[in-house]
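Participant: One letter stands for each residue in the lines below.
Number of protein chains: 2
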Amino acid sequence: MNTRRIVVTFVALLAAAAVLPLVSLRAPIAADDPLPSWNETASKQAIMDFVAKVTKEGSSDFVKPAERIAVFDNDGTLWCEQPLYFQGFFCIDRVKALARQHPEWKDTEPFKSAIAGDLKGVGAAGAKGLHDMLAATHAGMTTDEFNTIVKDWLKTARHPKYNRPYTECIYQPMLEVLAYLRASGFKTFIVSGGGLDFMRAFAEEVYGIPPEQIIGTSGKTQLEMRDGAPVIVKLPELSSLDDKEGKPLNIELHIGRRPVMCFGNSDGDLQMLQWTTIPRGSADHSPRFGLIVRHTDVEREYAYDRDSHVGKLDKALDEAEQRGWTVVSMKDDWKTIFPASTAQASANSAPLQSHSITGTVAYRVRIAPPPHAVVHIKLEDVSQADAPATVIAEKRIATDGRQVPIPFTLEYDPAKIIANHRYNVRASIVSGDKTLFTTAQQYPVLTVGGPGGDRDLRIIVEQSGDGAPGR
Amino acid sequence: MNTRRIVVTFVALLAAAAVLPLVSLRAPIAADDPLPSWNETASKQAIMDFVAKVTKEGSSDFVKPAERIAVFDNDGTLWCEQPLYFQGFFCIDRVKALARQHPEWKDTEPFKSAIAGDLKGVGAAGAKGLHDMLAATHAGMTTDEFNTIVKDWLKTARHPKYNRPYTECIYQPMLEVLAYLRASGFKTFIVSGGGLDFMRAFAEEVYGIPPEQIIGTSGKTQLEMRDGAPVIVKLPELSSLDDKEGKPLNIELHIGRRPVMCFGNSDGDLQMLQWTTIPRGSADHSPRFGLIVRHTDVEREYAYDRDSHVGKLDKALDEAEQRGWTVVSMKDDWKTIFPASTAQASANSAPLQSHSITGTVAYRVRIAPPPHAVVHIKLEDVSQADAPATVIAEKRIATDGRQVPIPFTLEYDPAKIIANHRYNVRASIVSGDKTLFTTAQQYPVLTVGGPGGDRDLRIIVEQSGDGAPGR
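Keeping their order, the protein sequence lines are chains S and Y.
Be aware that the first sequence starts at -2, since it is given in my numbering, and climbs by one per residue.
Be aware that the second sequence starts at -2, since it is given in my numbering, and climbs by one per residue.
No wet-lab data here; the hints were simulated from the structure.
Treat each hint with caution, since some may be false.
[Claimed, not checked] Using 25 Å as the maximum straight-line C-alpha spacing, the simulated DMTMM-like pairs for lysine to aspartate or glutamate come out as follows:
1) Y:K148 x S:D281
2) Y:K312 x S:D224
3) S:K61 x Y:E201
4) S:K241 x Y:D141
5) S:K61 x Y:D141
[Said to hold, decoys possible] Here's a subset of chain S near chain Y, in silico, CB distances under 7 Å, partners left out:
6) E209
7) E242
8) E249
9) I252
10) Q271
11) I275
12) R277
13) V362
14) I364
[Stated by the list, open to error] The following label-pair restraints were derived from C-beta to C-beta distances:
15) S:S283 x Y:P157: 35 to 43 Å
16) S:E459 x Y:H282: 28 to 36 Å
17) S:E221 x Y:Q438: 48 to 56 Å
18) Y:R455 x S:G278: 27 to 35 Å
19) S:E221 x Y:P157: 39 to 47 Å
20) S:P62 x Y:V388: 28 to 36 Å
21) S:G137 x Y:R297: 45 to 53 Å
22) S:K93 x Y:L232: 37 to 45 Å
23) S:G278 x Y:P80: 38 to 46 Å
24) Y:S380 x S:S57: 28 to 36 Å
Using N, Cα and C, we set each Cβ at its ideal position, and we do this for glycine too.
Could you build the full structure based on these sequences and the hints that come with them?
Facilitator: This is the structure in structure tokens:
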């Protein structure tokens, strides 16, 4: 790994100089890192070592870009699943919303319990009750209508513990893994027991995963003509349960290639971890990677495994060592759990929530930057139209042979931010004295540009006049 | 369209000079064309006009790259389907191959007829008979085993009329459409009634469509552990029939986005043509394109529509005008039907089969070349290691704002080709006197490099020292 080599060199230099304490050299390194929210533990190293070896041309472990398939469970792997699968909360909220149209629900379980917010009562109705509730809330409408219902719900619903939108109860370290893998030529897929249509309502925006790369539990559907136009109606019968053995079967149906990397968190992911990683005979030395997110952080999130009713992790944990799967401890391996809250940031726009701006810099090309290219990021005060912009903060990040998007974290001094000023982020990629790429559009942050504009900024740089070919 | 503008300019220039006949200016224009195997008819114009308008940034018809989904039927749309679906021939050949292990088939229909090569007898066994034959030939093995079986069959089986591999009974004009759409930012999917696993055995190599973009008829499957490793076993029960209304339902299941373009040839494609193109209410003005390949060429291929037992085209033809679908007449719209035969080319390596080399030039970047960039292609004799290469043929193609891959046809004089010499194709992309990209690896053709090396050459150019950033 280039990054490691740089760390080693850096440490050696500093040891020779013997002036700076170790902690001060950690910060700049972490910021150039594709996985800044991960602590420097074996889990992070395992991910980075694996990606490095499969993307290194000429190495025996090299995997062609077309075959770089990574699959991710969703509930408990990409976002939180406690105290109940979020789709369960959606289901209960839908029952409440539809209760007026269904007076009979007052006396029918599990609807009665759902309306009362009694999760135990809902659970007591068993599989049949769950099926009835899913049928009542997930079927009978068109796929387009359902998509709108879910999107509307996500706008207002809040997680009971964190009091933030469910789409913000996603794991920042895993967002970084998704971006890092895509930047390394991987196609990222969701393979989840969650509802296919439910996930499609947010996954593209939240995870950057397009609908054609989402695999989930699905119901039967029916084509109808309504007002002269075709619609697809969701029926109450289950078509495919994307859990346990259903996962490899659906991977085969939808992808048709054995994944190279697999990320899960529960026994529902056991079969796809096996499918991904177990060698096919003694001649199969193809590189494969399995990872389990273990919920060990009772303070910042939840701690559960073998005895949990949601996301039970038992057999897969037993197999992890034998199979060589990386077991992530959220408590020990993750610096942060969730991204900075955009809701809170908008509620109190000043003082600012975080003192850094995060995001990625990319260009629309599929080549790696030249070996010595450097990403140069600036936060500028652009309030005065007739004066040059004032640089509030800047940073240079060595690309180190990494592909775009290159993640960045740009720290700034909040004392320099004035509420009625305007701030832009500018980025360029330079090699020597040549500017290869630079931002052509504006990236307003902090005071303008909406809440959350200071995190997960996706900066596109365009080829500059210095370089060629231009756009 | 830039191309059209150039044609107009060109015509005006020549009219002023009044020296050259019109025919001599057609040739170079056609060669710069993404669809060189299409005649200059309304069908071709409709495809090119549509692609131009949806890829033009700022236009009201602009479609974001992520939403550029094009779906293609396979049988009768991308390859031939007469005198029987090719998978039917596979099925019959498999019955013959397995007959020894099944002595009971001698007296059981439709196996008895299949072994005797009696297609009518097979047909007489009806749906139940067909199911039995499919179950006997498509189930009971693992997906990997089935993939190998199909690949092995494709190596030796020959089409009864053309006496060439089935994978060469593909439509050259449609290969060009696939390449043109992908070069225009489309994701191309197959949505076919054919077997999913059957198509995956060749579609990536033959059409450039990866397995995760293939949707087809599929059977149930089962996960098993064999010798400590998981396998997926194909079961004899049908899971999804990807025909008629099954097509839009599977598009929703696998893609989750309404396609922008849809290509079919039979009533089996009616529902996906409707799903793609019918506006969703009076406010829906989103650009959509439907196309039907009509088999009108009794000499070069087959002529059939309303009364055919294979690829029946009746209702969809009736609806085409009302819906604005382009109906392609293979006889009138297609210059050539199939690609040059690689089998024949290898059988008699000299004299050469065709007098042109075709392919595409691309780089691994996702930006358009600069407006005035020109692709420069050369065919060189590189037999003498110690002397500069001799240029046998060369051509310059204006990129005209098109994205890579840029298709090319490089004509050469076969009299200049010497059997024991070696020939390479070199390509570069230049802008003014700057070489932006150039070939870094060798592309041997004609006498070396294997049969078929003179067609569908996929040249990758690398960023040159002049440009930046390099690799």
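Participant: Hint by hint, note whether the structure agrees.
Facilitator: Cross-check of the supplied hints:
Pair hint K148 (chain Y) plus D281 (chain S) holds up; C-alpha atoms about 21 Å apart against a cutoff of 25 Å. This hinted pair checks out: K312 (chain Y) and D224 (chain S) have alpha carbons roughly 20 Å apart, not beyond 25 Å. At most 25 Å may separate the alpha-carbon atoms for a hinted pair to count; K61 (chain S) and E201 (chain Y) meet this at roughly 14 Å. Taken as a hint, the K241 (chain S) and D141 (chain Y) pair is honoured in the structure, with Cα atoms around 21 Å apart against an allowance of 25 Å.
Restraint check: the Cα-Cα separation between K61 (chain S) and D141 (chain Y) comes to about 19 Å, which is no more than 25 Å; the hinted pair holds. Taken as an interface hint, E209 (chain S) checks out: its beta carbon lies about 5 Å from the nearest beta carbon of chain Y, inside 7 Å. Evaluation of the E242 (chain S) hint against chain Y yields a held restraint, the C-beta minimum of about 4 Å falling below 7 Å. The interface hint given for E249 (chain S) is met, as the beta carbon of that residue sits about 5 Å from the closest beta carbon of chain Y, less than 7 Å.
Interface restraint check for I252 (chain S): the shortest CB-CB distance to chain Y comes to about 5 Å, inside 7 Å, so the restraint holds. Hint on Q271 (chain S) holds. Least Cβ distance to chain Y is approximately 5 Å, under the 7 Å limit. Taking 7 Å as the C-beta cut-off, the interface hint given for I275 (chain S) holds, the closest approach to chain Y being about 5 Å. A hinted interface residue such as R277 (chain S) counts as satisfied when its beta carbon comes closer than 7 Å to some beta carbon of chain Y; here the least separation is about 5 Å, so the hint holds.
Proximity of V362 (chain S) to chain Y holds as hinted, the smallest CB-CB distance being about 3 Å (cut-off 7 Å). The closest approach between the C-beta of I364 (chain S) and any C-beta of chain Y is roughly 5 Å, which is under the 7 Å cut-off, so the hint is satisfied. Distance hint for S283 (chain S) and P157 (chain Y): a CB-CB separation of about 40 Å, consistent with the stated range 35 to 43 Å. At roughly 30 Å, the beta carbons of E459 (chain S) and H282 (chain Y) sit within the given window of 28 to 36 Å.
The beta-carbon spacing between E221 (chain S) and Q438 (chain Y), approximately 53 Å, falls within the hinted interval of 48 to 56 Å. At about 33 Å, the CB distance of R455 (chain Y) to G278 (chain S) agrees with the hint of 27 to 35 Å. Taken as a hint, the range 39 to 47 Å holds for the pair E221 (chain S) and P157 (chain Y), whose Cβ atoms sit roughly 42 Å apart. Distance hint check for P62 (chain S) and V388 (chain Y): the Cβ-Cβ separation is about 34 Å, which falls inside the suggested range of 28 to 36 Å.
Our hint of 45 to 53 Å for G137 (chain S) and R297 (chain Y) holds, since their Cβ atoms are close to 51 Å apart. Distance hint check: the CB atoms of K93 (chain S) and L232 (chain Y) are about 42 Å apart, consistent with the given range 37 to 45 Å. G278 (chain S) and P80 (chain Y) have their C-beta atoms about 41 Å apart, which keeps the hinted 38 to 46 Å range intact. A beta carbon spacing of about 35 Å between S380 (chain Y) and S57 (chain S) agrees with the range 28 to 36 Å that was offered as a hint.
This entry satisfies every hint, going by the numbered hints stated previously.
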